[in-house]
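Line by line, the protein sequences are chains A and B. Heads up, my numbering is the position in the first sequence plus 345, with the first residue counted as 1. Heads up, my numbering is the position in the second sequence plus 109, with the first residue counted as 1.
No lab work stands behind these hints: they were computed from the structure. Nothing here was measured: the structure is a model prediction, and the numbers come from that model. Wrong hints could be hidden among the right ones.
Short, incomplete list of chain B residues facing chain A, as computed with Cβ under 7 Å [said to hold, decoys possible]:
| hint | residue |
| --- | --- |
| 1 | Gln150 |
| 2 | Asn151 |
| 3 | Ile266 |
| 4 | Ser277 |
| 5 | Ser368 |
| 6 | Val369 |
| 7 | Ser384 |
| 8 | Thr385 |
Ideal Cβ positions, reconstructed from N, Cα and C, are used throughout, including at glycine.
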Amino acid sequence: MTLTIDRRHFLGGLLGGAAAIGLSACGAPALRLPEKAATGVARAGATMRIARPAANAAETLDPASSLSAYEYLGAVYNRLVKLDRDGETVPDLATEWSSNADATTWDFALQPGVRFHDGRVLTARDVRYTYGHILDPDTASPQAGALDQIDEIEAVDTTTVRFRLTTPNAEFPSLLTAYQCYIIPEDSAAEIGRTGVGTGPFVLESFTPAGAGAVRANEDYFGGRATLDRIEFYSIQDTSARVNALLARQVDLLSQTNLDNPTARVVANSPGTTVARVENAQWYTIPMLATSDEFADPTMRQAMKLAYDPRAILSTALQGTGTPGWDNPVPPQLKAWMDEEREHDPEKARGLLKTIGREDFSTRIYTSAYEPNFTAIATAFASQVSRAGIDLQITNTSADSYYTQIWMAEPLMVSYWFTGRPIDQLLNQIFRTGSSYNESAWSNAQFDQLLDSARADTNDGSRLQKYQDAQRLIVEDSADLTPVFGDRLVGLSEDVVNYDEYGFEFDYLALGLRED
Amino acid sequence: MVRLIGIRLGTGLITLFLAAFFVFFAVQALPGDVAEQLLGQNATPEAVETLREQLGLDSNVWARFVEWLGNAVTGDFGDSLVTGEPVSSTIWASFARTLLIAIPAMVVGIALALLLGVWAAARRGSRTDSTVSVLALVAMSIPEFVVATVLVLLLAILVPVFPATVLSGPDASLGELLPAAVLPALTLVISMTAYILRAMRSSTIDGLATEYATTAALKGVPRRAVLWRHVAPTAVLPVLPVISINVAWLLGGVVVVESVFNYPGLGKLMIDSVSTRDLPVLQAIAVLSALVYVTANLVADLLALAADPRQRTLHQPRGRRRTAEVVR
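Just chain B, with the same shape it has in the complex (with noise of 0.2 Å):
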């Protein structure tokens, strides 16, 4: 078991350094560079020069590189090229931001998805059953920026119960926040609850089906019982992944919906430093991004192994697992 954390973290590092290295040079490819991005159409030669200057832009890409790894790992992520403010303090305050609609986005789009999911598999085939699902299909088709148009249009436009955008960019308060975080957020467990729901449907499906579930039904335990008590449970287990994926990628801020709300968080923040190619602020993005990616994986298979014990059998180290079946 610690064994298999070491190794996690082990290629978890690989990931965040690979990250880094590969947004690095992905935005070297990119055309242009911070100062004529900044000056658009007033590039002319002399503004570009100027400001490259006063921009300290060095032109040997791989010094920059091996430069920005040193600092990093020391936890130095140097200045936004564009602002000069420290990038560790504008990255955690946008993060703070996206947790904002994140975590609710999470908490009640993970229950809502499993207890519907649970309840369209033990009612398979009825219509409370197909109407779940296809509402499901539905919001799974429908791309996310969709949705929030269309909750704009009704919840800030039509009746306007909360606001559209978030006016005040990053000097926001959390009074303006709050009631603005209620739509972003809502977008958000819309899109994901559905891949999550039907996961658990279809999980719960085949727990029903299982011989356990049968010898429990068999033995006289209530359904509600086999399916809370027994299935459920279970059921879980495959469905964890696919919650992680989601996880990850709510807290890496989702660009499209953050940017339809002007909502300040990691996400808008991640498509403005693109859009002026803000190198130090991208690379601190990707590697958080990766960070949460790593770790929403790793608490996945933490509690798989904590609910599953044929899983921590499965990881045991080789031998002992052999004379494990020979005593049995």
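So that you can see chain A by itself, here it is in the shape it has in the complex (with noise of 0.2 Å):
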């Protein structure tokens, strides 16, 4: 690259496509992008338009669906409790909650005077009506799993909501962060999925599934209102589609929509527009079946995870956008997580191997276009094992039956999740025996003791200790890789102020268009 700054930014999108073409072909440098959003003053009364992946033309605004349209939920409604950065449990409708010595009994006291933009007054009914329509079976709720520890809920009086649980969780607040967990009226489960009406900064205007839809600010929001007045959304199913409406300028920025590097380097160079990173918002994950004759055998687990540099990894298939994983599935955004990096031994790897007669160990692993990053990374890690003498073929497959034909059927491929769970749903839900979303199927009765114990344990220095136990295991003995915590690129115009993202959610109070 001879071109100057300004010539390159002068020609604009044209030359920075040749440019990334012509990087990609011969061994790009790193890929430099600004580390955070732009922040600033925002000018009142503005519009932003926001274009959407949609799932499909089932979506809706119901938030305890599996097919929920995510970008709505943060917008239009509140949870009783939610993440911040650090994913510690922060207020949202609920300003104290406390639980009994045993932590199977917990109270929620909701902020008096929040009202559902229909007018009606939130109170503790609405709550009780909520959690019952999550675990309802024919809802179907992703989290309901999650949330089956709830025995019985009571609305004590009108801000006061009561959970007993059938087994102590220490943890239990926790659980209520996830995006499932929005508050709805009561008795609104047969409409809400059309009226969208919650108690959040934004007011429905209009929702059509796969379509267009938009938000008004709410004047009355309890927490201040939000600095946009409106915000547009926009269904754009293809990728390259959608960055084509970001580059021309119909949109101001893209939802849900990880930029693979050529790209992000063509928005990041193009005038008008630049790329956010969102930091470890990819948490990629290699899941080897532990149920496969190929990994039922821990110490072929372990080789696999002596014979890889997860630092090389991050390296090349994501050009250093991220952190290494070193194979513990908590970010290091969380408080819990464990700080410390596991061994790295090819010659090691390769001498296990032998113990066990597998020398010369081949099979596929299987990636899509899913996801843009799963190829670059499957060929790292394929590179990588290969010095232990680990023959792996990269098998790829098609992107819209990978998650139902692949995933938890073939012994080994390329996966990965959205981080923002907290620690304990993080543990539960993805390694815990049994589990739906155990992408591994994995199974160690020490590891779900010491969730068990955890969830139990009132002191909050020995429960976080059992975590970090737990973490330990995982790395250990887990069947589930976690090579790379990827930054999520995303596109954005160079109008947004203060975008940011976590715990699921988009911080919609703060996010605004810069002053002219």
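Two chains, each in its own frame: build the complex with the hints.
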């Protein structure tokens, strides 16, 4: 690259595109992107346009559903509690909460005087109704499994709601931060999917499944009025069409879109658009199916771990935009994160393979275009483990059936999750024996027991210790590799200020467009 | 002639049935059903079971096909499994939007291709001819999604004259659709013109070499009149099938082009329905596309019959044709 910055800016997208193609062909230098989204004073009365990939035409505004339209939820609803940037549970509709001595009964005090968009006052009965709706088997909510320890919900008075649990859980409030747990008005389940009546910072104006929709600022929002006047949401299914809409300045922000590296370069180098990073937002995993012949043996799994260096995967597959995982699924931003690097020793891995008679182990690793970095991660991983004599054939499959046919079916594949789960839910949902999201089918009685005793432990210090021991156990024995946490590369207009996204929610109050 | 049309309509009906049949079972063969595809990573066994129940998915494939066929014959294509909306209205709305880009593309593309084809043939071997031919070859070799991307880059991003995508999807008003239809239509023109142009060029060159063209020229008919009055009309005949295939391709909604422009036409509806395994919608699209192909071919044949007396005699019942020869 001999071009100067100015000329590159001047020539815009065309050159950006050409440069990206040229660079990716001959080994690109590290991707340079702004660390954080721009902050600053936003202008009053602005309308922001957000392009989103609609899951499908069956999507709904019912937060409990697995087909919910993610971007709308945080705008129109509130939860009882939410997560802050460090993964700590903080107030949303509930102002404070407390439990009895053994953490089997939890009381939440609601913010008084909060109104739904239709004018009704929020009471404990709405909260009770919402959780009843989530736990209703007909709703088939993805969060129902995590909340099945709720035995009974009681509206003690208008602003106090009481949860009785079947087992002690000192981390219970954190389970209520899931994005299925937005509070809806009593008796609204039948029409909430279209009306979107909540307590949130924005009021729904219109919504078409897999189409366009809009929300306008809630003037009476209990947390203060939002900066923007309106947000328009547009569904653009095809990723390159979504990027084109941004480059042509038809929209200001692309949500749920992790740009691949060449595209991120084009967006960053085009006039008027830029890229913001959401740190460690993509949790990449390589599940080794513990029930398969290939990976049932813990020694085999240990060899797979020893054989590769996550730092190499970070630098080649993600060009450094993220953090090495070292097979610990807990993202570094969580307080409970255990900061230990496991051993990396391909020769030792080779030795282990010899002891179990698998010197020339060979299998397929599945990948797809479902997420832009899957294939790059699979390639980098295969080249790493080859140093221990492991031969992996990269097998690309169709994106649209990747999660129905390959995931939890083939012995080795690349997968990912969004980070944002609180520690207790993360470990219980993805790693506990028999959980429907346990993608590696790993089962370890000691681990399950550790999670139970952590839940029953009301002492914050020793509970944290137990969650860290659980992480250690995952690093040693689990069948789910965590090579890297990737930064999500979000394409947005240079006019956007104060963009932030954490705990499965945009910061909708601060989000705005720059003053002219 | 009537018999010919009858036979054509009959084979057309069989084609329609076969298209519906094969699409039905091809979709069945795809991995995953509607419930699994919708839920994706959330497809826990309980959730899939609940959704299947809610969607009323019957497990018997044959029974479903027979039931579908019975309803389709009466014009009832059922409801979408994903949205619950009637399939017919969804499809017609998308088809109408596809027509909005297909018809202008067709009119401009065919006219341009025929004129350029004759023009290039008349100047065979000249610089104009080679320029036109090379451009046509280039347009043929570049896939339409690349053409689309380049057009977006030039006319929506660098010089923002037209919108890059349709933002409002199926809710888009005509006011939003019209400017947004220009780039997709232009892409289609570029992609289809080349094929027709090359066919027309070689057919005209053949025509210019015929005896009647030479005779006309020897009689002193001006070259321009020989070309446009005698050669061009006949030269169109062999090009008609090429045109009809391109027309059918356009009317079926070009998936890649509609995706790149987020254009809510038939092609985009099809790709969305494939990814969710929305069988009733896919079936109806298959029948509609087959119908378009059958009709386009039939129209091309009829036009050929109308324009070419030789073909009319060719299709006469055998006995009469023989007598005609005897009389001559």
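Comparing the hints with the structure gives:
1. Gln150: holds (5 Å)
2. Asn151: holds (4 Å)
3. Ile266: Hint on Ile266 (chain B): holds, closest Cβ of chain A at ~5 Å, below 7 Å.
4. Ser277: holds (4 Å)
5. Ser368: Holds: closest Cβ of chain A sits about 4 Å from Ser368 (chain B), inside 7 Å.
6. Val369: holds (6 Å)
7. Ser384: holds (5 Å)
8. Thr385: holds (5 Å)
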